[in-house]
Amino acid sequence: MQPSPAQRSPAQPSPAQRSRQGARAVPSRGAIPWPLGVPALLGALFLLLPLAGLLARAPWRGLPHILADSQILDALRLSLVCASAATATSLVLGVPLAWVLARSQARGISVLRALVTLPLVLPPVVGGVALLLAFGREGVLGRFLDEWTGITLPFTTAGVIIAETFVAMPFLVITVEGAFRASDRGYEEAAATLGASRLTVFRTVTMPLIGPSLLAGAVLSWARALGEFGATITFAGNFPGRTQTMPLAVYLALESNPDAAVALSLVLLVVSIAVLAGLRDRWLSAGTPA
Amino acid sequence: MRRTALTLTAVVIAGLLLAGCTSSTPAKGSSSTTGSSSRLASGTINVFAAASLKEAFSKLGQQFEAAHPGVKVVFNFGASSGLATQITKGAPADVYASASTTNMDQVVTAGQAASAKSFAGNVMEIAVPPGNPAGVQGLSDLAKPDLKVAVCQATVPCGVTATKVFTNAKLTVTPVSQEIDVKAVLTKVTLGEVDAGLVYVTDVRAAGEKVWGIEIPVKVNASTEYRIATMTKAPNKAGARAFTSFVLSAAGQSALTFAGFAKP
Numbered sequence: 001m002q003p004s005p006a007q008r009s010p011a012q013p014s015p016a017q018r019s020r021q022g023a024r025a026v027p028s029r030g031a032i033p034w035p036l037g038v039p040a041l042l043g044a045l046f047l048l049l050p051l052a053g054l055l056a057r058a059p060w061r062g063l064p065h066i067l068a069d070s071q072i073l074d075a076l077r078l079s080l081v082c083a084s085a086a087t088a089t090s091l092v093l094g095v096p097l098a099w100v101l102a103r104s105q106a107r108g109i110s111v112l113r114a115l116v117t118l119p120l121v122l123p124p125v126v127g128g129v130a131l132l133l134a135f136g137r138e139g140v141l142g143r144f145l146d147e148w149t150g151i152t153l154p155f156t157t158a159g160v161i162i163a164e165t166f167v168a169m170p171f172l173v174i175t176v177e178g179a180f181r182a183s184d185r186g187y188e189e190a191a192a193t194l195g196a197s198r199l200t201v202f203r204t205v206t207m208p209l210i211g212p213s214l215l216a217g218a219v220l221s222w223a224r225a226l227g228e229f230g231a232t233i234t235f236a237g238n239f240p241g242r243t244q245t246m247p248l249a250v251y252l253a254l255e256s257n258p259d260a261a262v263a264l265s266l267v268l269l270v271v272s273i274a275v276l277a278g279l280r281d282r283w284l285s286a287g288t289p290a
Numbered sequence: 001m002r003r004t005a006l007t008l009t010a011v012v013i014a015g016l017l018l019a020g021c022t023s024s025t026p027a028k029g030s031s032s033t034t035g036s037s038s039r040l041a042s043g044t045i046n047v048f049a050a051a052s053l054k055e056a057f058s059k060l061g062q063q064f065e066a067a068h069p070g071v072k073v074v075f076n077f078g079a080s081s082g083l084a085t086q087i088t089k090g091a092p093a094d095v096y097a098s099a100s101t102t103n104m105d106q107v108v109t110a111g112q113a114a115s116a117k118s119f120a121g122n123v124m125e126i127a128v129p130p131g132n133p134a135g136v137q138g139l140s141d142l143a144k145p146d147l148k149v150a151v152c153q154a155t156v157p158c159g160v161t162a163t164k165v166f167t168n169a170k171l172t173v174t175p176v177s178q179e180i181d182v183k184a185v186l187t188k189v190t191l192g193e194v195d196a197g198l199v200y201v202t203d204v205r206a207a208g209e210k211v212w213g214i215e216i217p218v219k220v221n222a223s224t225e226y227r228i229a230t231m232t233k234a235p236n237k238a239g240a241r242a243f244t245s246f247v248l249s250a251a252g253q254s255a256l257t258f259a260g261f262a263k264p
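Protein sequences, first through last, are from chains A and B.
Residues in the first sequence are numbered consecutively from 1, following this note's numbering.
Residues in the second sequence are numbered consecutively from 1, following this note's numbering.
Only chain B is shown next, with the shape it has when bound in the complex (with noise of 0.2 angstroms):
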């Protein structure tokens, strides 16, 4: 009984060892639109990216995985800022995405990554709740007293545009809130509990129902310009090489024009 017993288990043990050598090695003829790279592309690849980067880059990651079997995508994502920060304190990304150059100087300046790509560009839109309870009609409603609006941080990505947004259009906005990241002004304004809240188009589009738009015109609007790198120090380099350039591919680029994303 005791050596039947023994014997199933060396037998799981050894099933279970040789299942995990053969998945490690890819399948031969696999092919793939991104071409020789797929062969290097193994393991898990660690994407740190803006937070406005969300549902497009969850829908790339997706796609990435797809078309290369046994790679798994992992998204961080924040303010650019904040990241910026855990990559200069040695978090361990192998790609980083920015919704500014000055964050992705940041990263360059300190020696985390050689060189960085443009690959989309955002511009700003004003949230409200469905329904517009407080009836906004445009920008210069937001300098109203009685108005609550939030923005994000002036050292954010999207602080930084939100400002110049308000120095384009002359006016005085004092927010009720400075938030962390997009998503958190995005947050607020679902809830309800601010009037209007400054975000990129990008942010409204992927909200769908839950907040209502009221564009910017052109003439005042700002924008921000996204880059992508690969760490010097990345654990994953071939792999950080494949999402990088997916990313900035056609296929890449197409899905970050359908989520709204301007061309770079």
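Excised from the complex, chain A in its bound form (with noise of 0.2 angstroms):
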């Protein structure tokens, strides 16, 4: 039997709305607009640059030399180490926070969620400031804690983690929340008709559900540890192989040692690429539910 023309396929149009198209020109599906392109063409560039100024300056030849220095191995490690143990608390305390504020229909979630935030966009140093205000020996929780137990935060490694959590967990915070919020409750309420837990629903539906957003955001909060300067300075100080992180070792380098700050930067990009590089087809894809 012949199709009738109602059924004819869709995808080729009648040749009277081809000549309305060919009327419009239509533009290739590849070309950008002009308009578009030159300030994105400049905004990758600005990024760029940079970079490349870094790679072209580099002391290739002494690079092996400088970083055999032990001063700056240590700084490497201090840094890895408190990155990832800074990213772990925020993992552990940021993502039941960000749960009670996706979830929760108390009063005041909306403050709270803003006040938990604030770190964002405090500058560092301030952090660091209040950090000391806070947890210091004279701070107003460190004051018992050095009265009761004489363990004292500043100048310790440990201080170091507290300040890079301070600033990274609202990163991960944020991206987790959005993804709370944003995953599909018919999931849940679907395993917690057949019988599941609340504690079992959340840990075998909710969590496989913002996977891609909780890596997304562990990444970026490890990234934004890794780079704290100000707080960690202010907070925990400097000495080298106990406070003494990668950015205050470059910027310390750069007055005595310009070499060795290029080098130390150096470390950095390629540590930062190879966990960009690592994770980019989950970078790309976060914020989906799987």
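In short, the hints are calculated from the structure, not lab data.
There could be a bad hint or two in this list.
To be verified - Short derived list, chain B residues pointing at chain A, Cβ under 8 angstroms:
id	residue
1	Lys59
2	Gly82
3	Thr85
4	Thr155
5	Glu179
6	Thr190
7	Leu191
Claimed, not checked - Over the 12 angstroms line for every Cβ pair with chain B, so calculated as not near, a few chain A residues:
id	residue
8	Leu41
9	Leu122
10	Leu248
By construction, the Cβ of each residue, glycine as well, lies at the ideal position given by its N, Cα and C atoms.
With the hints as a guide, bring the two chains together.
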């Protein structure tokens, strides 16, 4: 049987439609309109040129010798350890916080959300001062910690981790909270009707759903913690091997040994690229439910 | 209505332009203690100075501005080594005052300054929080393992001088933190986060009641020499020369002595 005209393949426009389309010039799919293309090119150049400068001016010949310096290796090791610990702490504390912010019906939740994301906009040095006033030896909480246990947090590696967690956790909280809000409650409700307890639902249904966002949030906070300078130097001070992270080492090396500063910057750059490259697929698909 | 508004705007703009023109020419016959250079000093003078000069130089800046109406002195205080790096990398400074000869030599070698003059000296002192909670008696206490001590980073002048003091006293001191500049050390002391910090005598004086000072015996104390120079690429050369002369003048020197600095 012949297909009726109404059942003709919709992909083929009728001759009348085709002539209407031809009258209006249809741009090819790949072309970028220049009002967007030029600023985009400038933006890309602006972001890539400093990286190119770093690579061009790096002391490639002396690199192995510079990097063999124990102080540099100490700073690198400390940075990686503290950033990872800060991310782990952010995950442990931040994911439940994000869940509460997303799901709780209590009044004042929006105020709480605004306050916990304050470190995002707070200048890091201000954050460091605030940390001192809270957890320092004379601080609101730190005073009791010192009196009862003799533990002081400033000038310790734990202090570095605390400072980095303070600036990095809001990134995780924001990312994950958005994912919780966007995730489909239907799956959770279905699991609940099948008899799963709330904690089981959270563990087996909710968390896998937000997996990509969780990873993206963790990477963001790891990167933020790695690069933290102001809060670290104010709260944890600067001592090689104990609290001198890479950014501090770079800043101080810039004055006395610029080659070392560039070499350190290169190392940080390579580490960052490695992390981003390793997670690029997950990164790009972050925010979509699994 | 529209015409009145237009005329009014024109009159206001003309008035502003006129006011702008008259203020840029200094009043004739105004005398000043710095003599002929007062005619030439105008605009903004960017002074890069060591952190320990903060209070003294701020006062000198105010005195200079009072003597030269229309001139603004803008300060950039920080660690001398950091400032030297900024200058060699192209920061627009008119005057550079460093807390050590090493950093000034750095700037001179880079061709940014022709010659420098010594204008002050400084020695170190132990700063402790008010009440001296850790009961620091003297320099040897700083070597105690459970005492929290803050010093300057080893590459900045106050760190170099602190190392000299410890070497003179034959002490091994392990600080909990090596701060970026002397004011950061002072802050850690005033906040009570450390038991003692090694700063300059001028810093203890400037902090007033916020810290207590414990003197270091002259025999083991170390001093540092402050140098000042006008930059060869200064955007405001006349202003730079005027301010430098002011610092070296009797008025400048007496202000520095009042703040606790030693003679050069």
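Checked hints:
| no. | hint | result |
| --- | --- | --- |
| 1 | Lys59 | 26 angstroms, violated |
| 2 | Gly82 | 6 angstroms, holds |
| 3 | Thr85 | 5 angstroms, holds |
| 4 | Thr155 | 4 angstroms, holds |
| 5 | Glu179 | 7 angstroms, holds |
| 6 | Thr190 | 10 angstroms, violated |
| 7 | Leu191 | 6 angstroms, holds |
| 8 | Leu41 | 27 angstroms, holds |
| 9 | Leu122 | 18 angstroms, holds |
| 10 | Leu248 | 9 angstroms, violated |
Against the hints set out earlier in the document, violations occur for numbers 1, 6, 10.
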